[in-house]
Amino acid sequence: MIIKNKNEITVCEIIEALEKGGLVIMPTETLYGAMVDATNPKAVKKLTEYKNRPFGKPFSVAVSNQKMAEEYVVLNKTARNLYKTFLPGPVTIISKGKHEVAQGIESETGTLGIRIPDYPLILEVIEKMGKPITATSANAAYQKRPYKISDILKNISDKQKKLIHLIVDAGELPHNESSTVIDTTIDDPAILRQGDIKLKDKNELLSRSEEATQNIGKELWQKYENYLGKRVIIFALEGPMGAGKTIFTKGLALAMGIKEEVVSPTYDLELSYQSSVTSHQLVHIDAWRMQTADELESLGFENLIKDKRIVVSIEWAEKVSDVIRRYDEEAIIVWVKIAYGKAENERLISWRIL
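Numbered per the working numbering, the sequence shown spans residues 40 to 393.
Keep in mind that a hint or two might mislead.
Unchecked claim - Derived DSSO-like pairs: lysine-lysine, alpha-carbon spacing no greater than 27 Å straight-line:
no., residue 1, residue 2
1, K167, K45
2, K183, K45
3, K347, K85
4, K345, K262
5, K269, K81
6, K84, K123
7, K262, K45
8, K84, K96
9, K45, K137
10, K116, K59
11, K376, K183
12, K106, K116
13, K84, K345
14, K201, K85
Simulated from the structure, these hints should not be mistaken for laboratory data.
Predicted model only: the values in this text are computed from it and were never measured.
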């Protein structure tokens with residue numbers, strides 16, 4: 040492993056490392072990224088091992104411009120508009136892939152996330168190399184976001200360190216969010232993760248009954264159910280006592296085909312319900328009695344996230360938000376806020392993607 044200051048290394052040195060199949064840690068406009076040649080199968084396998092994630096979990100790639108992007112994905116009208124509006128910049132746009140990258144880069148359904156970075160060093164490397172490179176964060180799975188090199192090296196094993204060929208050190212980066220991720224492969228484009236660029240994806244409805252609150256739960260389920268099996272879906276519920284968080288979860292359960300009655304898991308902390316029509320499962324968690332956010336991890340939350348058949352509903356999510364946010368690359372996180380309305384029976388329900 041070689042560590043060089045950003046001001047002391049040449050673009051040719053970086054390209055040489057990438058062309059040899061090396062894993063290079065470099066700064067970006069969001070955080071430190073782990074870069075390999077996205078067309079090199081051995082390099083992608085090395086990256087998968089470094090990230091400690093199962094083979095087949097997709098990686099986004101960085102290209103230099105839209106013309107280069109079209110060598111690897113099919114851009115529909117929605118995608119073209121997003122490219123024109125937001126790229127270069129911290130936005131990842133998912134499109135149908137052309138299968139021109141190494142196995143393990145595209146998703147199991149053949150989609151591919153593309154970024155055009157707004158960072159001169161990365162763009163120069165891609166332009167001169169003429170190939171896409173991976174655009175994933177340099178932290179191992181479930182570890183803290185890397186804004187400085189020590190964030191990386193203190194949280195990976197010696198085995199992982201040996202997989203790194205080169206580190207380009209630019210000091211501590213601004214603490215920006217990860218890129219915003221937008222899926223354009225479906226009829227109604229969906230924001231799968233919010234980053235520093237905030238796109239309008241907040242909705243608000245007024246409920247005047249428990250039945251209406253359940254129906255809003257059903258509606259949200261229908262909006263995101265197509266992603267079940269591809270990503271875990273987390274409904275993070277925030278609201279005062281008695282606002283209707285459990286009622287909302289009952290709506291999710293009904294939409295999933297769960298016949299068992301859903302009850303508040305306040306004293307159990309976690310209850311699970313099996314769908315009667317599919318292999319999917321609803322895990323209902325109540326964080327009310329948790330003293331620290333890390334208590335959520337003690338319930339085996341990390342293992343839950345690895346099972347793509349799982350839907351998670353977390354009441355009092357604001358108490359454990361730090362842990363939930365760690366998994367924004369692994370899951371679709373729908374943050375639902377339930378507030379009391381003007382009348383006793385009214386609830387104002389709003390939601391957005393984290």
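How the hints compare with the structure:
1. Note on K167 and K45: the hinted pairing holds, with a Cα-Cα distance of about 18 Å set against a maximum of 27 Å.
2. Restraint check for K183 and K45: satisfied, since their Cα atoms lie roughly 22 Å apart, inside the 27 Å limit.
3. Pair hint K347 plus K85 holds up; C-alpha atoms about 24 Å apart against a cutoff of 27 Å.
4. Distance hint between K345 and K262 is fulfilled; the C-alpha atoms sit about 22 Å from each other, no more than 27 Å.
5. Simply put, K269 and K81 have alpha-carbon atoms about 24 Å apart, close enough for the 27 Å limit, and the pair holds.
6. For a cut-off of 27 Å, the pair hint linking K84 to K123 is broken: about 33 Å separates their Cα positions.
7. About 44 Å separates the Cα atoms of K262 and K45, which puts this hinted pair outside 27 Å; it is violated.
8. A hinted pair counts as satisfied when its Cα atoms are at most 27 Å apart, and K84 with K96 qualifies at roughly 11 Å.
9. Taking the CA atoms of K45 and K137, the gap is near 34 Å; set against the 27 Å cutoff, the hint is violated.
10. Using a Cα cut-off of 27 Å, the hinted pair K116 and K59 is violated, with the two alpha carbons roughly 37 Å apart.
11. Restraint check: the Cα-Cα separation between K376 and K183 comes to about 26 Å, which is no more than 27 Å; the hinted pair holds.
12. For the given pair, K106 sits about 15 Å from K116 by alpha-carbon distance, which is consistent with the 27 Å threshold.
13. Between K84 and K345, the direct Cα distance comes to roughly 19 Å. Compliance with the 27 Å bound is thereby established for this hinted pair.
14. Note on K201 and K85: the hinted pairing holds, with a Cα-Cα distance of about 10 Å set against a maximum of 27 Å.
Hints 6, 7, 9, 10 from the list above are not met by this structure, while the remaining hints are.
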